[in-house]
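If you read the sequences in order, they're chains A and B.
Just so we're aligned, residue 1 is where the first sequence starts under my numbering, counting upward by one.
Just so we're aligned, residue 1 is where the second sequence starts under my numbering, counting upward by one.
Everything labelled a hint here was simulated from the structure, so no lab data went into it.
By construction, the Cβ of each residue, glycine as well, lies at the ideal position given by its N, Cα and C atoms.
Please note: incorrect hints may appear among the correct ones.
Stated by the list, open to error - With a Cα cut of at most 16 Å, we get these calculated EDC-like pairs of lysine to aspartate or glutamate:
hint, chain 1, residue 1, chain 2, residue 2
1, B, 109, B, 67
2, A, 329, B, 99
3, A, 323, B, 106
As the list claims (entries may be wrong) - Looking from chain A toward chain B, a few residues come up when the C-beta cut is under 7 Å (computed):
hint, residue
4, 266
5, 336
6, 340
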Amino acid sequence: MGFRRTYEEINEKIKTGRVVVVTAEEIIPMVEEKGVEAVAREVDVVTTATFGPMCSTGAFLNFGHSDPPIKMTRVWLNDVPAYTGVAAVDAYIGATELSESAGFEYGGAHVIEDLISGKPVKLKATAYGTDCYPRREIETYITRDTINQAYLFNPRNAYQNYSVAVNSSDRIIYTYMGTLLPKLGNATYCSAGQLSPLLNDPYYRTIGIGTRIFLGGTQGYVAWEGTQHSPSVSRTEKGIPIGGAGTLALIGDLKQMDRRFIRAAVFHKYGVSMYVGVGIPIPILDEEMVQFVSVKDEDIHAPIVDYGVGRRSKPTYGTANYKELRSGKITINGKVVPTAPLSSLAKAREIAETLKTWIREGKFFVQRPVQSLPAEQLTKPLEIRQMNEFK
Amino acid sequence: MAKRRIVLTFPPSMVEKPLTYRLVKDFDLAINILYARIVPRESGRLVIELSNSSEENINAGIRFLEEQGVSVEPLSKEIRWDEKECINCGACTAVCHSDALYMNPETWKLEFDKDKCIVCEMCVPACPLRIISVTF
Chain A
1 MGFRRTYEEI NEKIKTGRVV VVTAEEIIPM VEEKGVEAVA REVDVVTTAT FGPMCSTGAF
61 LNFGHSDPPI KMTRVWLNDV PAYTGVAAVD AYIGATELSE SAGFEYGGAH VIEDLISGKP
121 VKLKATAYGT DCYPRREIET YITRDTINQA YLFNPRNAYQ NYSVAVNSSD RIIYTYMGTL
181 LPKLGNATYC SAGQLSPLLN DPYYRTIGIG TRIFLGGTQG YVAWEGTQHS PSVSRTEKGI
241 PIGGAGTLAL IGDLKQMDRR FIRAAVFHKY GVSMYVGVGI PIPILDEEMV QFVSVKDEDI
301 HAPIVDYGVG RRSKPTYGTA NYKELRSGKI TINGKVVPTA PLSSLAKARE IAETLKTWIR
361 EGKFFVQRPV QSLPAEQLTK PLEIRQMNEF K
Chain B
1 MAKRRIVLTF PPSMVEKPLT YRLVKDFDLA INILYARIVP RESGRLVIEL SNSSEENINA
61 GIRFLEEQGV SVEPLSKEIR WDEKECINCG ACTAVCHSDA LYMNPETWKL EFDKDKCIVC
121 EMCVPACPLR IISVTF
């Protein structure tokens, strides 16, 4: 029977200021030096983080009621349409929605960033008018402080590993993985690697529904499995998925967020996205958790995917590990290809450090998940079917 | 040693002429090619650094290019990077041919070596934060 530690013991140590917290990068040399068992006894919590573009991000807004009231049927925020097919003054603004006047240069992510920054945002809504909601249109300004409620609800964040993107075609292409030069002219990758949350808890032992996290500069929670959560992809001997696998749906109060940790982005000729800062504490419950959090960049392999082929199934050129990717070049079919990141490791480190400070200062407690994420699941594709196929 | 960085734009008909060879041979100029985009039947763009012990040779070389129908402009544009707003994602480094923009392998923060920059402007649209621009 090896060493064990409970969530309650960790929280008691946080309360009394005796907790030992290190980041997922800092623990690697510690384990090499002292061994798994000694580190399990010494360290209570390991912080992980990521700061990458996450399209599947958005915010639920409740505007409060005007006088006379309105049941909004169409809503625009700074000319960006929001979805309002829910109750009278509820709306959801998706990060990738584009402005009707500024196109690619301004979108839902920019509205969210502007709200977080405290800037006034123009709200326009139209309605058909009812007995209880007689108003048919409204134009006003809202801010983070005047709006009734605003919280992020991100259907898919914090992808557990991801592909490396290349382009074998003979023309430059513009993707959500950045600008890809022709004939394997470059390769882009997008993960915090050894610091990334789900790569440090590969089987979701401690990250589940209800886990308290760092989201965009404030406390948030894991709400559900993320869309396209796909844990059953192939894994290495150490259990690390090769390519995109688990994902998280995250929730947190927009009003408490900080623009330093969440930013709107434009991917040239692709569209708008949002850089989201996510930090997740991993409680060291036993020696197995120490093994998980000591994962290194060289243990994490990502498939090299050809984005030059505009199909669902894209050809791959084997895999590259994160140590190779971070070296600045990889070799594909004998050709040396320069690599570039899209996810900010510098920011991820800042988040892991911030979370460490919060825990040390007794401002942030670890939360046992109320329900585990699915451990087996694969993403279903969308096929073109006819009604009569279901008979 | 006199040095000058210039941008040459030449029409499709000029693409196959050995201009740099003439600059070396007739004007004794050392040529450092910083950027070249030369495609048959399209207009070409060449950013070069000319050096020679005398300014006169450089001026004569440039006159020769202009007589050949090449547009010659000094490399006076500059890339401006708003470091304060940067999130250090690295997306711009994916398209930087000249390695002027690169990630510091220790801090993983973006660094910009202005001397290496050839102002190809590829980084401007590649920046997801829209904080890289060209100044004249």
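Hint-by-hint comparison with the structure:
Proposed proximity of residue 109 of chain B and residue 67 of chain B is contradicted: the alpha carbons are some 46 Å apart, above 16 Å. At most 16 Å may separate the alpha-carbon atoms for a hinted pair to count; residue 329 of chain A and residue 99 of chain B meet this at roughly 13 Å. Restraint check: the Cα-Cα separation between residue 323 of chain A and residue 106 of chain B comes to about 13 Å, which is no more than 16 Å; the hinted pair holds. With 7 Å as the threshold, the beta carbon of residue 266 of chain A comes within range of chain B, its nearest partner Cβ sitting at about 6 Å, so the hint holds.
Residue-level restraint check for residue 336 of chain A is violated (minimum Cβ-Cβ distance to chain B is 14 Å; threshold 7 Å). Hint status for residue 340 of chain A: holds, given a least beta-carbon distance of 3 Å to chain B, under 7 Å.
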